[in-house]
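S.K.: Sequence:
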Amino acid sequence: DSWSDYGSRDKPGTTLGRTVPDGNVLFPDIFHTDHLLFYERFRAYQDYILADCKASEVKGFIAEYLEKVLEPCGWQAIWRTDVFEVLVGVVGVNFPALKAVVQLSEPFLCESQDSSFTLECMQELLELKEHQILLQELWVVYDESGEFDQTALAIEHVRFFYRCIWRTWDEEEEDEFDYFVRCVEPRLRLHYDILEHRVPSGLVADYQNLLSQCEELYEKFLNVRNSISSNDSDSEAENVSMVEGLKLYDKVEQLKQKLKLIENPLLRYVFGYQKYGSLQAKGLRPTGAKVIHVVPWTMKTNLLHLLARDKLCPESGEDLEIQFHRDPLAAVNACYEGDRVIICPGHYFVDGMFSIADSVELEGYGLPDDVVIEKQGKGDNFFDCTGANIKISNLKLVQHDAVEGILNVHHGKTTLENCVLQCETTGITVRTSAELLMKNSDLYGAKGAGVEIYPGSACTLLHNGIHHCKEGILVKNFLDEDYEAPKITMVNNMIHNNEGYGVVLVRPEMPSEMKDASAQGTEENEFQDFLMMWLLCMTIDDILFPALGNTQPTQAGDETACAEGSRQEQPGCVTDELELYKQAETSEQTENNSEIANVLGAASAKKRQIHKKRLSELGFTEADDNLMSQEMFVSVEGNQFKWNGKGSFGIFFF
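Residue 615 in UniProt numbering sits at position 615 of the sequence shown; the count goes up by one each step and never skips.
A hint or two may mislead.
To be verified - Taking lysine-lysine and the DSSO-like style, the derived pairs with C-alpha atoms no more than 27 Å apart in a straight line are:
id, residue 1, residue 2
1, K470, K258
2, K642, K470
3, K68, K54
4, K311, K59
5, K391, K447
6, K439, K470
7, K300, K290
8, K300, K54
9, K447, K396
10, K220, K247
11, K396, K290
12, K59, K300
No wet-lab data here; the hints were simulated from the structure.
Since the structure is predicted, the reported quantities are computational estimates derived from the model, not experimental observations.
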């Protein structure tokens, strides 16, 4: 029997644990089944329960599975609802309805929020339900024999499925795809990613809110649809209901798409979410004074003298208040608008998150490697910036056990200068309406993108190193009509040794582009064949050191010198070859910068066309130039792209 290897029917004694129910009533122990690992649930749903069924076949497949593994009678369970718990005995199972036929156990054991659930009351309730209750509302009473292990596991799988996987609208989805692949696997992975703290808490909250909204609107939509189907009249009220139903349907579809994006592990971070919008700035102190906060690892007289000379004596001669703190996080939390934090050399371990909502300056006194702030403990991210004008300089930030990036700019402007960022997940995120100026800094180690640029943001990168990340710089989709194009400036950055692309643009694939791609497929293949034949006909020297357009005949002495290069090095020839190599490399880097600027500019122009078409559909035939100034400002110059796994620039279509 292919089912006998799942569970413990043929094994002596139970293999499951037991747990004591909470509450004041002395219920018997129950099987402990809610601790199953991801792969255990994955295997059960894929191999034993759902297989390749369609959404409309889910209930039938579950019923068939239960018929093979569930004991039809002779076991006890605790029936749990939101208002009471009661011990029942199972005398039968209605497999097609996924219900158990039960009767109250003796002695009568019941716990409720009030005393109204007496024996007589529970008997009346069971009679109303024809003694049939949903299997997922039952928790199987523990038994050491192992006879009911599969029963407990089967009910746990059904309960988990309807609580965490199934959506009320799934059955109305198209049946073209495997339900397990399309819905079960991504939702199951998301559930365990959340349990294991791999999803930011803000994204989890967004998902739960979207799910609640979608369920509420879908219920309203069903009510409107049912009212229309039950009324055959063609009245004005009927027409109003149809319009309302269409609006609800559109809203539900939009919410469903957002849920799918979060459920997809690849796309959940590509499209992102808004967070910490409610973080409030303190503003100026009631006294109007500004404070310098000093964080010393150890304070010696020499260091204090240097601080007083370099940082603590303003040129204006203003008498400023100075406060001393034990750690950088305490200093930042004590800041008001216009304050300044000076961190002395040392290695500081911080268990918490820096939330900077005011315009403050955070500065390390020394080189970045001398002033290190290292995050301890798990958390969403490290630095959250929402202040109007924040400056962070001369620091090394080290991140561990993170879910989000090392620094998030949500609002306002943040300047990052002469810093080193050792990342864990993504690096720096520049959210919509935020601005980042990053210069003379080094960023590495991100498992996502080193820098993520959202629509409607402004990002200026000057003289930075971005390396050993999944992607160097990621520009998120801004072609949606609700978004504005970002403003991007990249000058003299070194982007190297990233696993993917140096710079990647995320954008949807337009129908016209799909047609063009199919039409050009044959031409591209012919060109590739021609290029391959041409390369095969060339010598290695022709490929490495082309003539670069020099058609003048060479002198005999030069020919002899170069011909003898294999026997004796000729300085002039080697110098020429190195010069040619440098010229070719410079030309390649210039082409890379031009390609990035051109593609981003073309995408911005596409955005402008979409926006203009949208205005035309709304009746605006002539748009104001200010309204139409959606074009991205792009300045990409002098950047170097080396040893990136997939190349300098790429586009991720979705």
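S.K.: May I ask which of the numbered hints given earlier this structure violates, with the numbers listed in increasing order?
M.R.: Violated: hints 4, 8, 12.
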